[in-house]
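Same order as they appear, the protein sequences are chains Z and L.
For the first sequence, the residue numbers in numbering that gives the first Met the number 0 are 0 to 315.
For the second sequence, the residue numbers in numbering that gives the first Met the number 0 are 0 to 177.
Listing some non-contacts, in silico: residues in chain Z with all C-beta distances to chain L over 10 Å:
no.	residue
1	A11
2	R147
3	T191
4	D207
5	A247
6	A250
7	E251
8	K255
9	S273
10	Q289
Pulled a few chain Z residues facing chain L out of the computed Cβ check, cut under 8 Å:
no.	residue
11	L24
12	E30
13	V31
14	R34
15	P35
16	L36
17	V39
18	P40
19	S41
Honestly, the hints are just simulated from the structure, not real lab data.
Since the model is a prediction, treat every value here as computed from it, not as a measurement.
All C-beta atoms, glycine included, are put in the ideal place defined by N, C-alpha and C.
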Amino acid sequence: MIGRHRHCIALAEYSREELLEVLDLAVSMKEVLQRPLKKVPSLRGKSVVNLFFEASTRTRSSFEIASKILSADCLNWTSASSSVTKGETLVDTAKNLEAMRPDVLVIRHSAGGAPRLVAERVGCAVVSAGDGAHEHPSQGLLDCFTLREKLGTLEGKTVAIVGDISHSRVARSDLHAMPKLGAKVRLCGPPTMMPAGVESLGATVHHDLREAVDGADAVVMLRIQHERIGDPLIPNTREYSKYWGLNAKKAEEWLKPSCVILHPGPINRGVELSPEVADGPRSVILDQVQNGVAVRMAILYLLAGGKAAESAEGKA
Amino acid sequence: MNAQDIDRSVRRLGRDIAERARAAGAAKDLAIVGIRRGGVHLAQRLRAELAQALGAEPPIGTLDIALYRDDLAEKGAAPVIGPTDIRFPVQGKTVVLVDDVLYTGRTVRAALDEIVDFGRPRRVWLAVLVDRGGRELPIAADFAGARVEVPDDQDVQVRLREAGAPEDAVVVKPRRAP
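Chain Z on its own, in the form it takes in the complex:
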């Protein structure tokens, strides 16, 4: 359980305290990652099934490593080599996997709402690893974790999220989490990629990159998806890069010296970030990857650990 929740599907429904429960536990989990022997027995005998209907390297491996460090067994299931190609429905697939008694199902799906649909029909805990343009809760949490680590706190900090806000589940999870932790969020991107009414979630909307990043403590650069290019939303990558990309010159002139740069990966080098910026001193992109393992360990621990039979252990 994470606070009141049996599942981790949307940060929209998590309170500040519930977010902090995961983030605080992740600090201890990160310590485990630094040990010479990176293995603790806390989820021994538990199993985690990764159910991925969309391509993913980082997120899937991250959940897999997190499971293994906690000693849970982990099974990877990808749609390409499965009976989905034979016409099995999502719920049938999930119910069949559930019959094998996993403790946690980690689901990525191209349709927003898919993890919820499954969660309502299976008995185990469900973690969303990204669903459509809905949410990517573990990414939102790892962004918050990284910012707390780099900035000390999110309280009173300003975070600019730049890119295709409409299609980004990362932006949505960040937007649901960061303000609850006290951060001010600015959204910036082409008008064609800015959903209507996002101000109601407590963010300000900007269409000028310089204005959006001015004085910001952190900038989250979103990945521009190839399939959007050439469609009416943006004409070409050069134009996108010119107006919404960060290169060394802009970073130097526009960002305050302490500002850090995040990116959920994979990076389109030369489009949203120039290589000098992606590999530069402000970039915390690889910290994000490591923190992702710690945050996912915390999520799995809280969701799978909570179900163990109660047995009294005194103070010994």
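Position chain L relative to chain Z; hints supplied.
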């Protein structure tokens, strides 16, 4: 036990450990590890005693055994997990594991599992302020400040100034209903 008794116990524990360490030729390779949370402050006090007795400060570390427990918390009550902090090589050391109260032995079992994941110590000794009996595992303290048989419906609490108590004390209280 009052503040004076605790003080005396800690000093005696320090002397006994130092003596045994010298006899075993382990005085140079001694390390102290406190089990969170009750053992941490006690470990620091013991280290000061040992530094005096041996003329050198042994390295100190902290273990949080939450991830090694054999009973994951019931629903909605995940334990608070603090950091484990072992910054010296465990390999070849004589490790003195320190806790405030020894009861069922399960915490010590978990701590042993965790410490061997950091390396292979030469040997491990267990030092506690109070051994209250009631063991559920074959585990014994090598050093104990006090040994008393306390019934299962009672709690033994060690309160130390470092943890915010007005003064050092060991109290026995009826266990609160779960």
